[in-house]
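Chains as they are written, first to last, in this note's numbering: chain A, 1 to 189; chain B, 1 to 579.
No lab work stands behind these hints, which were simulated from the structure alone. Careful: at least some of the hints might be erroneous.
Each computed DSSO-like pair below joins lysine-lysine, with the alpha-carbon atoms no more than 27 Å apart [claimed, not checked]:
hint: 1; chain 1: B; residue 1: K515; chain 2: B; residue 2: K355
hint: 2; chain 1: A; residue 1: K57; chain 2: A; residue 2: K120
hint: 3; chain 1: B; residue 1: K471; chain 2: A; residue 2: K57
hint: 4; chain 1: B; residue 1: K532; chain 2: A; residue 2: K87
hint: 5; chain 1: B; residue 1: K275; chain 2: B; residue 2: K291
hint: 6; chain 1: B; residue 1: K454; chain 2: B; residue 2: K471
hint: 7; chain 1: B; residue 1: K546; chain 2: A; residue 2: K141
hint: 8; chain 1: A; residue 1: K109; chain 2: B; residue 2: K532
hint: 9; chain 1: B; residue 1: K291; chain 2: B; residue 2: K226
hint: 10; chain 1: B; residue 1: K515; chain 2: A; residue 2: K141
hint: 11; chain 1: A; residue 1: K141; chain 2: B; residue 2: K4
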Amino acid sequence: MSKNVMIVGVGGQGTLLTSRIIGKSALKEGYDVKISEVHGMAQRGGSVVTFVRYGDKVSEPVVEEGCADVIISFERLEAMRYAHYLKQGGIIVVNDCRIDPMTVVTGAKTYPEGIIETLKQTYSVYSIDGQEIAKSLGNSKVLNSVVLGYSARHLGLNVETLKQTLESIVPPKTVEINVNAFKKGYESK
Amino acid sequence: MENKIIMLGNEAIARGAYEAGVKVSSAYPGTPSTEISEALAKYPEVYTEWAPNEKVAVEVAFGASVAGVRTLACMKHVGLNVASDPIYTFAYTGVNGGAVIVVADDPGLASSQNEQDTRMIARSCHVPVLEPSDSQEAKDFVKLGYEISEKYDTPVILRTTTKLAHSQSVVTLEDRVEIEDKPYERNVSKYVMMPAAAKGRHKVVEQRELDLAEDANVLSVNKIEKGSDKIGFITSGICYEYVKEACPNASVLKLGLVNPLPKKLIENFVKSVEKVYVFEELEPVIEEQIKSWGLNVLGKELFTKQGEYSANLLKKVVYGKSDEVYAKLETPNRPPILCPGCPHRSVFSVLNKLKIHASGDIGCYTLGAVAPLSVIDTCVCMGASISALHGMEKARGKDFIKNWVAVIGDGTFLHTGVNSLINMVYNKATGTVIILDNRTTGMTGHQEHAATGKTLKGEDAYAINLVDLCKAIGVPSVKEINAFDVKGLEEALKESLNGNVLTVIIAKAPCALLKGQKFLTKCAIDKDACKKCGMCLKIGCPAISKRNGEIVIDETMCNGCGLCKNYCKFGAIKVVENV
Numbered sequence: 001m002s003k004n005v006m007i008v009g010v011g012g013q014g015t016l017l018t019s020r021i022i023g024k025s026a027l028k029e030g031y032d033v034k035i036s037e038v039h040g041m042a043q044r045g046g047s048v049v050t051f052v053r054y055g056d057k058v059s060e061p062v063v064e065e066g067c068a069d070v071i072i073s074f075e076r077l078e079a080m081r082y083a084h085y086l087k088q089g090g091i092i093v094v095n096d097c098r099i100d101p102m103t104v105v106t107g108a109k110t111y112p113e114g115i116i117e118t119l120k121q122t123y124s125v126y127s128i129d130g131q132e133i134a135k136s137l138g139n140s141k142v143l144n145s146v147v148l149g150y151s152a153r154h155l156g157l158n159v160e161t162l163k164q165t166l167e168s169i170v171p172p173k174t175v176e177i178n179v180n181a182f183k184k185g186y187e188s189k
Numbered sequence: 001m002e003n004k005i006i007m008l009g010n011e012a013i014a015r016g017a018y019e020a021g022v023k024v025s026s027a028y029p030g031t032p033s034t035e036i037s038e039a040l041a042k043y044p045e046v047y048t049e050w051a052p053n054e055k056v057a058v059e060v061a062f063g064a065s066v067a068g069v070r071t072l073a074c075m076k077h078v079g080l081n082v083a084s085d086p087i088y089t090f091a092y093t094g095v096n097g098g099a100v101i102v103v104a105d106d107p108g109l110a111s112s113q114n115e116q117d118t119r120m121i122a123r124s125c126h127v128p129v130l131e132p133s134d135s136q137e138a139k140d141f142v143k144l145g146y147e148i149s150e151k152y153d154t155p156v157i158l159r160t161t162t163k164l165a166h167s168q169s170v171v172t173l174e175d176r177v178e179i180e181d182k183p184y185e186r187n188v189s190k191y192v193m194m195p196a197a198a199k200g201r202h203k204v205v206e207q208r209e210l211d212l213a214e215d216a217n218v219l220s221v222n223k224i225e226k227g228s229d230k231i232g233f234i235t236s237g238i239c240y241e242y243v244k245e246a247c248p249n250a251s252v253l254k255l256g257l258v259n260p261l262p263k264k265l266i267e268n269f270v271k272s273v274e275k276v277y278v279f280e281e282l283e284p285v286i287e288e289q290i291k292s293w294g295l296n297v298l299g300k301e302l303f304t305k306q307g308e309y310s311a312n313l314l315k316k317v318v319y320g321k322s323d324e325v326y327a328k329l330e331t332p333n334r335p336p337i338l339c340p341g342c343p344h345r346s347v348f349s350v351l352n353k354l355k356i357h358a359s360g361d362i363g364c365y366t367l368g369a370v371a372p373l374s375v376i377d378t379c380v381c382m383g384a385s386i387s388a389l390h391g392m393e394k395a396r397g398k399d400f401i402k403n404w405v406a407v408i409g410d411g412t413f414l415h416t417g418v419n420s421l422i423n424m425v426y427n428k429a430t431g432t433v434i435i436l437d438n439r440t441t442g443m444t445g446h447q448e449h450a451a452t453g454k455t456l457k458g459e460d461a462y463a464i465n466l467v468d469l470c471k472a473i474g475v476p477s478v479k480e481i482n483a484f485d486v487k488g489l490e491e492a493l494k495e496s497l498n499g500n501v502l503t504v505i506i507a508k509a510p511c512a513l514l515k516g517q518k519f520l521t522k523c524a525i526d527k528d529a530c531k532k533c534g535m536c537l538k539i540g541c542p543a544i545s546k547r548n549g550e551i552v553i554d555e556t557m558c559n560g561c562g563l564c565k566n567y568c569k570f571g572a573i574k575v576v577e578n579v
């Protein structure tokens, strides 16, 4: 087994934590793992992408164009930006939310309409309104646990391992709400 | 603790220093090197500190080495420029306790102002360079660095790049080795670099480099992985991983020590393979040396000096094709921006309104160069905002800078900006300097500095008062203003720009991402009052956008700073309680 996973989104959405949970889970299941992260200026509200690769032996820490098995996107436009990284038969999981880049706010560019429909013409796309679920649980910050739960069945890892890693990584006070968020995401169609 | 864990390259470097028995570490934060010191600070056995700049950090390491303990200094590539003064001569003195200097290069400029190559500087100062390929090697090479440092009596540079520093891979942990402090003996001809002594040491440096180059032929980290006779690669660092990914059957000479080079080993490798590529990011440091020996290798005639490499790039060049991929979809760019509630935005909104140009500096606030704020005109290096403004005044007279200011962060000001301000005082400048004091080193992820009142270890410390500091060096007019007081800022700016005295305005408010803050308010649009004029969009806050003709504020992103309210003529933005 080998998996190339990309987690994309907007700086500040928690993509880094999600990649660490997936990577740690893969290690627990006995795989070689590499994760590549984004730090520094690029994190400041910009487009961010992290990579998680696991399998018997992993060389480069990044996933290149045409090589991703799964893209988990925390925002619609970012799913569109990186969709071409998918390999044939790969899937995209999209959190259905819109964050306008400054190029759109200033009017220099327009935010594309119908992104999910466009993506569906070429790719297998699974979308979820993660904010709505997070809000219904009373904390918008558990968004990444919802999205992780929703993505869980596509990662080639035991769902129980992912849940346990999540429990071990989030702050102790927030374990319950994060696990609930994970479950809600996992149960969503 | 589990023995086998996933570690960030930078955490693995820290672990290596810990295991090697390092006792003293000094560093200045800089992406992609910052996490090394943060991770090392968690080991109580190691004294760690943030120095005000990289030169100071290396000098601290020099002192610790002379005193007989293993020591570490860390910085990003441009920090090496600041630190190169002590390093060039540290190479002459050599060490007592082992010394490793970690320098993190940033090919691809994830968070830097240039793409310089540390190996070039290391060659000119005759310091050995080790370059790891993953986190396990990062840890192992730090430990090897101390062995080389002590055996060959030299500081050693461990060079990393962004991909190595910020990738995580599996590491096996080992115990710390406690190293006994070496006795200190006064040795003027070794440690006092006046001309007569330095002449003698220069000979030592050259001989040492020759010795190490010879030994490098059999050094364990320089190794040949025999594969195809037709195609081979000489490579190091993260590039090795790209070679293994793209051409797993090729022969590879993997160099762990990239300065000095193992000539015999390279000659044998080149002769044993039909076609040899040198695969190195940035400058052709390895390639040019090999070619100077009359050997036939391929390098920069095929591969760029710019940006990061990849397995796809290698496949394209070597096989003339890459894997088939889906077509890239057209999408609007999403460049990095100042966060919601960022105090810099408030200051820049005032500069933008008054049509003032800013001589900029290194930090998040460099983002003030881009639309819609568009106030920063120059950015070169740490501290340059102030000196550049001074240069403009001396070039064109004081009227030329009537619509100019220098802007610099609190951390950057203490790094090297204070020197530039001393120059302004001394040489009769009249300009206006704004210190954007957000109480932290922001862009690198909130490191303490000499004015925050805390050390790297989290202990209480004396907090330098920036007002007192500016007054003490003789700045005639120093004002401290809340960064969100746009009226106060406007008045202070008008007064100083119309006046004739050097003025420092300290615009103070904590970084919006700084931990421990409570945001008690949120901003909301009163839809009935909103005329949709779009003035609030001109401050470039990511929480505000226009959707289907309506202005909306994203309540999860808004930090309630209220800056937007100041720019709404119709009172349509309300600051409400954050529930």
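Here is what the structure says about each hint:
| no. | hint | in the structure |
| --- | --- | --- |
| 1 | B:K515 <-> B:K355 | violated (34 Å) |
| 2 | A:K57 <-> A:K120 | violated (32 Å) |
| 3 | B:K471 <-> A:K57 | violated (60 Å) |
| 4 | B:K532 <-> A:K87 | violated (44 Å) |
| 5 | B:K275 <-> B:K291 | holds (14 Å) |
| 6 | B:K454 <-> B:K471 | holds (23 Å) |
| 7 | B:K546 <-> A:K141 | holds (24 Å) |
| 8 | A:K109 <-> B:K532 | holds (18 Å) |
| 9 | B:K291 <-> B:K226 | holds (22 Å) |
| 10 | B:K515 <-> A:K141 | holds (15 Å) |
| 11 | A:K141 <-> B:K4 | violated (31 Å) |
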